[in-house]
Each structure stands twice: as structure tokens, then as C-alpha cells.
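Undergrad: Numbering (the working numbering), first residue to last: 123 to 312.
What the hints contain is simulated information worked out from the structure, not anything from laboratory work. Quick caveat: nothing in here was measured; it's all calculated off a predicted structure. Heads up, a few of these hints could be off.
Pairs of lysine-lysine residues, derived as DSS-like cross-links and limited to a Cα-Cα distance of at most 27 Å, are as follows [unchecked claim]:
1) Lys-152 <-> Lys-289
2) Lys-282 <-> Lys-152
3) Lys-292 <-> Lys-152
4) Lys-292 <-> Lys-282
5) Lys-292 <-> Lys-151
6) Lys-282 <-> Lys-151
7) Lys-151 <-> Lys-289
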Amino acid sequence: MVWFIISVSFTPGPGNILSSAHGAQHGFKKTINLLFGLISGWALLGLFVGFSISYIQQYPIILETLTWICAGLIIRLAWILGTAKPIKSEDEETNNLGFVTGFFFSLVNGKAWVFHLTIMGGFAQEWGTSFFGITSLVGFYSIFGLAAISSWAYAGTLLKEIFNSEKNAKILNILFGISLVLVAAEIIIS
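Take the sequences, apply the hints, and build the full model.
TA: Structural data, given as C-alpha cells:
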């Protein structure tokens with residue numbers, strides 16, 4: 123279970139890519155609110171799935187519908203990132219994503235849904251399905267989630283140094299956009 127949590131948390135996904143893109147555009151310090159929004163939405167989604175897993179498993183159409191909605195929203199974000207103009211320092215405040223964006227983004231993150239459904243549908247039985255069991259499991263893997271998005275945001279700040287010209291920043295935005303499209307495709311396929 124721990125290996126699954128670590129591998130899924132740190133591999134590319136919508137939240138990680140958004141964290142990295144935001145870190146590259148705004149720096150780590152201005153990405154902290156987004157990170158706390160992402161992890162708060164992630165934890166709430168985990169609790170929701172944990173307490174409703176038996177219902178969700180009875181109706182596979184729910185998961186299929188959510189998969190397509192989530193993939194569509196991720197592709198929309200990919201387009202926004204991929205076509206975004208490089209941010210100039212005077213524009214940083216107006217384009218800075220915050221807690222609310224991160225929170226709601228986590229609720230429609232297809233990879234997060236797959237993650238939570240896998241954890242709660244499989245591993246939670248061993249951890250415990252009581253109120254304490256589910257909440258402690260969500261707390262446990264949220265620590266890894268926060269570490270993952272934070273490391274991706276920091277990596278984004280390092281990418282900003284590499285892609286510091288306007289032309290290179292545009293290339294970086296396109297790469298982030300393409301990465302999100304690939305993640306959306308993976309969500310649909312799996």
C-alpha cells in the first residue's frame with residue numbers, strides 16, 4: 123500500500139503538473155496557497171470516496187461518467203496552460219492561483235479519483251473501514267500527497283531558471299499542456 127501511495131503521489135498527474143507550472147510561473151512562495159487548496163480538496167475527496175465506496179462500486183456508470191468529466195476538465199486546463207503567454211513580473215498577482223482553485227481542482231482530478239477508489243476499494247479493508255480507519259488513512263496518504271505537490275512546485279521553480287526567456291517559457295507552457303493531455307489520456311484508457 124505504501125509503495126502504491128508513493129508511486130502514484132509522485133508520478134505526473136494533474137495536481138503535480140499544475141503545481142510545477144504554477145511554481146515555474148510564480149515561484150514556490152506564491153504557490154503555497156494553491157498547494158494547501160490542492161491537498162485539502164484531495165483529503166476531502168478521499169473522505170468522500172472512503173465513506174461512499176460501497177455505493178460507488180455498485181454503480182460503475184458513476185465512475186465512468188466522472189472519468190470523462192475529469193478528463194475533459196484536465197484537457198481544458200492543458201489548453202489554457204499550453205497556450206498561455208509567459209507571465210511578466212507585473213502580471214504575477216493577477217494570474218496567481220490560490221486555495222480555492224486548488225481545492226476545486228482536486229475534486230475534479232481524474233487521477234485523484236482513481237487513486238482514492240483504488241485505496242478505498244482495496245487497501246482500506248486492511249487499514250480499517252471505521253470512521254477512525256478511513257480518516258487516519260486519508261491523513262496518512264495526504265502527507266505523501268503534500269510532499270509530492272510541494273516537490274513538483276519546487277521543481278517548477280528550477281525549470282523557471284532554465285526556461286527564463288519568453289521563447290523558452292512558451293516552450294515550457296506547451297510541455298506542461300502536452301503533459302496534462304497525456305495524463306487525461308491515461309485516465310480515460312485506465
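Undergrad: Now tell me if each hint is right for this structure.
TA: Right, here's what the structure says about each hint:
About 23 Å separates the Cα atoms of Lys-152 and Lys-289, which keeps this hinted pair within 27 Å; it holds. With a C-alpha separation of about 14 Å, the suggested pair Lys-282 and Lys-152 falls inside the 27 Å cut-off, and the hint holds. Straight-line distance between C-alpha atoms of Lys-292 and Lys-152 comes to about 20 Å, which keeps the hinted pair within the 27 Å bound. As the CA atoms of Lys-292 and Lys-282 are separated by approximately 11 Å, the hinted pair is consistent with the 27 Å bound.
Between the alpha carbons of Lys-292 and Lys-151 the distance comes to roughly 22 Å, so the proposed pair stays at or under 27 Å and holds. For the hint pairing Lys-282 with Lys-151, the CA-to-CA distance comes to about 14 Å; that is within 27 Å, so the pair holds. Of the supplied pair hints, the one linking Lys-151 and Lys-289 holds, its CA atoms being roughly 24 Å apart against a limit of 27 Å.
In terms of the numbered hints stated before, the structure departs from none.
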